[in-house]
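Asks: In the order they appear, the protein sequences are chains Y and F. With our numbering, the residue at position 146 of the first sequence is 146, and numbering never jumps. With our numbering, the residue at position 170 of the second sequence is 170, and numbering never jumps.
Simulated from the structure, these hints should not be mistaken for laboratory data. Wrong hints could be hidden among the right ones.
Unchecked claim - So the derived label-pair ranges between C-beta atoms look like this:
#1 Y/142 to F/266: 55 to 61 Å
#2 F/16 to Y/20: 56 to 62 Å
#3 F/255 to Y/58: 58 to 64 Å
#4 F/239 to Y/124: 56 to 62 Å
#5 Y/139 to F/191: 48 to 54 Å
#6 Y/257 to F/191: 40 to 46 Å
#7 Y/183 to F/92: 33 to 39 Å
#8 F/71 to Y/68: 52 to 58 Å
#9 Y/255 to F/92: 24 to 30 Å
Every residue, glycine too, gets a C-beta built ideally from N, C-alpha and C.
One letter stands for each residue in the lines below.
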Amino acid sequence: MADREALIRLRNIRKSFGENTVLHGIDLDVHAGEVLCLIGASGSGKSTLLRCINHLEVPDSGRIYVGDHLMGYEERTPGRLHELSRRKVAAQRTEVGMVFQHFNLFPHLTVLENIVEAPLRVRKLDKSTAIATARDLLQRVGMSHKENAYPRQLSGGQQQRVAIARGLAMRPKVMLFDEPTSALDPELVGEVLDVMTGLARDGMTMIVVTHEMGFAREAGDRVAFMSDGMILEMGTPTQVLSNPVHERTRAFLSKVL
Amino acid sequence: MTSPRQTVDADTIVRRPRRWRWVGIAAVVIAAVSVATNFITNPNYKWDVVGRYLFDPRILNGLGTTLLLTLVGMVIALAVGLGLAVMRMSKSGLLSASAGAYIWFFRGTPVLVQLILWYNLAIVIPEFSIGIPFGPTLWSADTNSLITPWTAAVLGLSLNEAAYLAEIIRSGIVSVDRGQTEAADALAIGRATSFRRIILPQALRVIVPPAANEAIGLLKYSSVVSVIALPELLYSGQLIYSRTYETIPVLIVVCIWYLVVVTVLTGLEHLLERRLGVGFTTGGTTSRRWSRWLIAKR
Ligand SMILES: Nc1ncnc2c1ncn2[C@@H]1O[C@H](COP(=O)(O)OP(=O)(O)O)[C@@H](O)[C@H]1O
Ligand SMILES: [Mg+2]
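Pulled out of the complex, with its shape left as it was, chain F reads as follows:
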């Protein structure tokens, strides 16, 4: 069976035909060409109308609302989610179970329902007060004055999102080797510092990709706040086309903006992942650090 070395060196490799790959490529090209032709030649898209509304102040306002809602919602959700994750990991059964109950409820009910409930909170709890139970009231306010479409939207979106983030954050934290906590303990690094400087940066590598996914999800499903009449991006578009009947072009405008924002978010995520990955790949030693507080090179 063994051939002389000269023959082996002279071997030519004849690739086996990749027929199915060519079929796939052909199918994709045909589909792409027909979609593109349709976009260009079909007058029903009304590209001139799309161009007219792309920078319409109402659309841009809606975009701003969507961005703000996503940002504020995500920040609150991260804070609450972190708290829930820590509670979930607590040795206290009560703390762990209450975090579990929170997650169970908010993941188990539609966010649309939660929004409507928050918006109508005044029906259940007409007055909101802070005080000692059965004792004096320190502060109180009419619920209707506290719950505006904005607060209801932020509460509804962020408290729901927190339930998802809690599990993501928890799995990130438990993914960090126990030896890291022990090493920090042995070095007398305090709990808070150890969490912030040692555990969290490593946990974030695991947390960021799914959390970024959640942020993109939140960006899009924030459009459900239209039910409580808060004009974010989609609802602003709907307000326009309900009067002008230019439904398709306006929806295209809305989609373009969502795609722009998602593209930017994805880019930011990749940057963040790169920086968090420093030290975890065995590449060069020159990669820049995420927090470069220590460039004290003599």
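Just chain Y, with the same shape it has in the complex:
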């Protein structure tokens, strides 16, 4: 497990909200180009784990590495972690893209403006480069025809595809997806999963919290089952989804399949 080559390395991540311990010392490695699907019952800590990776949530203890960066801290002397300034945390976050269950597009900006906002203001790209990149991404997610629309004028599936393009515009090393299709009408799920499958095929490193077992089977390199703040079982989709070892995994799968 503790191999140095992994792009994302989580070491003993603990997190509580008050009395409620949500993550009980998680260890996890995700390699470059790998697609890891996180499954598990509601409340098992999947979102919290994902949000720790880009420091939207700050773990109580443990370390998270994305590439060479120790997220949120600087280890000036061994064992002493100094909190980084907001600016430096932001710089680390540019390596990690995130897609939310409820899309969280900026409603007052057009599709194109949503995508170029961060590249222009954070990456300080010049306008024409940012717009050209944004148009490429829109093409990739099949949304070129809507670049001047406002998010509210789009269907949920279209909004989520724009949100994926927005995340990709920062050229992250890894993309995190938190139940990207859970808020969608059933007939719109496919178009979003297609885009994600395409991304996976192009070699993007992805961590995907999902209840879409079909996607996990097809696009996932590994599946991790979370229960009560622990990763109970992890392996290839066939291992975890078809031949689960743990009783709880079996019970969970019998409910969602």
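Please build the complex by placing chain F with the ligands on the supplied structure of chain Y, with the hints as guidance.
Replies: Chain F with the ligands in isolation, oriented as in the chain Y frame:
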């Protein structure tokens, strides 16, 4: 109970009589006609006097003072109110409580009293100085030279108004979905940029209507500065009729100007609301943007 389709298609709908609506319309028409007749036929309004004073330089000066007082007061109040709103939302109990105390005091005391207190500040604090507490003084001035009717009026009106705007601004900011901040954070957009570009434009939709109401309120209650002898619109009128006894015509002139300004303000507010609403209605895609910095269409 079901009738054949042909019959259904041929149905005529007989509207139920709306008797009370007609009573209401009649009452309004009668009232409007009698008010209008009174305005036209009653010589006591002295419309010729109204016409004479409408563009009187003293009145126009007063109007200018009122406008400037409202504008400067509102700008300062917005800045202070924004600061208070941010403090109020701070996780620091001290910051939040001090903003709360400010709002409590300024909302809890009459603005008239606040004005008089500011104007008489020299009685309490004869000298104003900036320096290190118990250390050397860097700058000091006689309070009487700092507090003119103008500064007292601006301070009194804006600091009071800030207390109201603080709550309006705060409720606007909290109305924006948390997901927006998270999305901005995840995109590594810095705090200041995220506030200015993402949160504020959305919060303004909620802030503008009540803030515009406050601006109109400020426009009118700025007339209380007459107590510290600052000739704004109403006081300029009073100065005229106290000598000529043409009370009613001059007050009509004053009201006409207030109505003109309020009408213009209301129009501006509607424009602003329209522009801020872009993206929030599911109308056409062609509506113009509020800040159109991105018309780089190849
Ligand atoms: N900001 C928060 N404050 C308090 N409790 C939280 C917060 N976020 C999550 N939790 C709690 O942490 C637990 C795990 O939540 P979450 O990570 O969202 O689970 P999942 O995504 O697997 O459904 C839940 O019991 C939830 O109530
Ligand atoms: Mg969740």
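Asks: Each hint: holds or not?
Replies: Hints, verified against the model:
Taking 55 to 61 Å as the suggested C-beta distance range, the pair residue 142 of chain Y and residue 266 of chain F does not conform, at roughly 45 Å. One distance hint, 56 to 62 Å for the beta-carbon pair residue 16 of chain F and residue 20 of chain Y, holds here, with the actual separation near 60 Å. Look at residue 255 of chain F against residue 58 of chain Y: about 59 Å separates their beta carbons, and that is inside 58 to 64 Å. The hinted window of 56 to 62 Å between residue 239 of chain F and residue 124 of chain Y holds, with their beta carbons roughly 58 Å apart.
Here the CB-CB span from residue 139 of chain Y to residue 191 of chain F is close to 33 Å, at odds with the stated 48 to 54 Å. One distance hint, 40 to 46 Å for the beta-carbon pair residue 257 of chain Y and residue 191 of chain F, holds here, with the actual separation near 44 Å. Between residue 183 of chain Y and residue 92 of chain F the Cβ separation comes to about 35 Å, which falls inside the hinted range of 33 to 39 Å. The hint said 52 to 58 Å for the Cβ distance between residue 71 of chain F and residue 68 of chain Y, and at roughly 54 Å that hint holds.
The beta-carbon spacing between residue 255 of chain Y and residue 92 of chain F, approximately 45 Å, falls outside the hinted interval of 24 to 30 Å.
Consistency with the previously given hints fails for numbers 1, 5, 9, ordered from lowest to highest.
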